[in-house]
Amino acid sequence: MTGGRVASMYRPRTVGEAVEMLAGARASGAEVALLSGGTDLVPALRSGERSADAVVGLRRVHELRVRGAGADSLTVGAGVTYTDLVGWSLSPGLARTARVVGSVQVRNTGTVGGALGSARPAGDLLTFLTAADAEVLTVSPRGPARLPLADFLAVGPDPAAIVTAVRLARPGGPQTYLKTGGRQAAFPAFVSCAIVMDRMSQRMTCAIGGVGGLPVRMGEAERAAIAEVDWASGTASAAAIRRFADLVAEAAARIDPALPVGPRESAEYRWHAAGVLAGRGFARCLASPEPTAWSGP
Amino acid sequence: MTTGPGPGPVDGEAAAEEETYRLYVDGFPRTVSGAWVGDSLLTVLRDVLGVTTVKDGCEQGRCGACSVLLDGRLAAACTVLAADADGARVLTVAGLGTVGLARAVRAMFLAEGAVQCGFCTPGFVVAVTDLLTRRPDAGEDELREALAGNLCRCTGYGRILAAIRAVQRDRALADPDDGVVGSGGGLARPGEGVVGSDGPAGAGP
Numbered sequence: 000m001t002g003g004r005v006a007s008m009y010r011p012r013t014v015g016e017a018v019e020m021l022a023g024a025r026a027s028g029a030e031v032a033l034l035s036g037g038t039d040l041v042p043a044l045r046s047g048e049r050s051a052d053a054v055v056g057l058r059r060v061h062e063l064r065v066r067g068a069g070a071d072s073l074t075v076g077a078g079v080t081y082t083d084l085v086g087w088s089l090s091p092g093l094a095r096t097a098r099v100v101g102s103v104q105v106r107n108t109g110t111v112g113g114a115l116g117s118a119r120p121a122g123d124l125l126t127f128l129t130a131a132d133a134e135v136l137t138v139s140p141r142g143p144a145r146l147p148l149a150d151f152l153a154v155g156p157d158p159a160a161i162v163t164a165v166r167l168a169r170p171g172g173p174q175t176y177l178k179t180g181g182r183q184a185a186f187p188a189f190v191s192c193a194i195v196m197d198r199m200s201q202r203m204t205c206a207i208g209g210v211g212g213l214p215v216r217m218g219e220a221e222r223a224a225i226a227e228v229d230w231a232s233g234t235a236s237a238a239a240i241r242r243f244a245d246l247v248a249e250a251a252a253r254i255d256p257a258l259p260v261g262p263r264e265s266a267e268y269r270w271h272a273a274g275v276l277a278g279r280g281f282a283r284c285l286a287s288p289e290p291t292a293w294s295g296p
Numbered sequence: 000m001t002t003g004p005g006p007g008p009v010d011g012e013a014a015a016e017e018e019t020y021r022l023y024v025d026g027f028p029r030t031v032s033g034a035w036v037g038d039s040l041l042t043v044l045r046d047v048l049g050v051t052t053v054k055d056g057c058e059q060g061r062c063g064a065c066s067v068l069l070d071g072r073l074a075a076a077c078t079v080l081a082a083d084a085d086g087a088r089v090l091t092v093a094g095l096g097t098v099g100l101a102r103a104v105r106a107m108f109l110a111e112g113a114v115q116c117g118f119c120t121p122g123f124v125v126a127v128t129d130l131l132t133r134r135p136d137a138g139e140d141e142l143r144e145a146l147a148g149n150l151c152r153c154t155g156y157g158r159i160l161a162a163i164r165a166v167q168r169d170r171a172l173a174d175p176d177d178g179v180v181g182s183g184g185g186l187a188r189p190g191e192g193v194v195g196s197d198g199p200a201g202a203g204p
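One line per chain: the protein sequences are D and S, in this order. According to numbering that gives the first Met the number 0, the first sequence is numbered sequentially starting from 0. According to numbering that gives the first Met the number 0, the second sequence is numbered sequentially starting from 0.
These are calculated hints, taken from the structure and not from any lab test. Given the structure is predicted, the values throughout are model-derived calculations rather than measurements. The beta-carbon is built from N, C-alpha and C at its ideal position, and this holds for glycine as well. Warning: the hint list may mix true and false statements.
What follows is a list of derived Cβ distance ranges for each label pair [to be verified]: (1) D/Ser265 - S/Phe27: 50 to 56 Å; (2) S/Cys116 - D/Arg4: 33 to 39 Å; (3) D/Ala22 - S/Leu109: 36 to 42 Å.
Just need the whole structure built from these sequences, with the hints factored in.
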């Protein structure tokens, strides 16, 4: 058929086996691709955009399909699909994000680990996980490791490691994810925005995707918003919401390096959209409890 | 959770470039050998196994023409690595069966004029059957969202949605707000009773 190389297929059943097979194949000098759902990798192999000598398929590794809740944190296995997350009441933000990924076909197939392994900057999940201060859990021949998502994305996936899970704090308030772009089922978001509020610790975080190489936290706008929220009632003035939106748009415009500009992708529109989505998301969080936003501590 | 490990004959080992594996396609075990390890399920179904009931549209997971049920879950076959699907059950439109919901969906696609050039139809029938199995009384918004992964360039989707509503009426599961009482009466339960006639069951010409 078309394409080339990919000469061997590994089908581990445990994380240990997967790490071993990955190491073995790499030791022989092979370029190895990790395969989770396949929504990114398989079309890329077909088109020749990506190539590899060997593929390690992770769909039989049942350990990776677990999601669980501890006292303070949620752990989502790398093999969990978007469809698995859509109805997850423990994380309204993840559920909301998963619900607007691609199409039914993509949500049934694509996984959390795939989003991290592919690390496509426009990936919906990356924006939400950036706002949620998530950690990435990996296993390599050197053993298990965990590191902040921002560090993981900055360096890129360790070629000897397998992403096993992401970990994020249990929600302490409303969370939302909004995006704009072409048809959702076929195209990644143009600009995306995630907001995570924690009413107990009086924190709020906001990440914007689509204005830089990776999703970016909006530190200055976050601090301004936190100062303007009346945390006792969980409300803020309309002026505060507008200021937050303006600060996000201004911060987006300062990101360096800016994304390349195309005939239909003006930088000004991205910045404007970032502000609009941020203001809308903030207002939506403040207006909660909505059934989709937060169901108690 | 459906991973369908299956018999996994080459479990835990790397095999040669043209390895052999097995897929259960429309109920029949099919042995694949001689395919490139990097081939998608779509390529293997069509070019190796001759299963042309899946259509090759975009090869990017965007058009839905190659929609199949992979271990019971709707997937675009072009985004699935065939060698990784070793042991999996694959249902194309041909394997959905000729009774019950699958028959009703096909009958209403014909009766309502939901087929024009027909290229998208096998994928649509798989996706619609999957949707109505999970959500028999899905409303308009849910239908449109759930079918966003299937493109049709002829019909404008109006006739396809009409066919789905006809199936829902026919199976007496229509949204009560729809204001239409199905031919089977309002009390039948999912999976019970007879699927309606092949005719347009109360629909106009």
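For each hint, the structure was consulted:
The given range of 50 to 56 Å is respected by D/Ser265 and S/Phe27, whose C-beta atoms sit roughly 54 Å from each other. Checking the proposed 33 to 39 Å range against S/Cys116 and D/Arg4 shows it holds: the Cβ atoms sit about 36 Å from each other. Against the hinted window of 36 to 42 Å, the Cβ-Cβ separation of D/Ala22 and S/Leu109 comes to about 55 Å, which falls outside the hint.
The structure does not agree with numbered hint 3 stated previously, though it agrees with all others.
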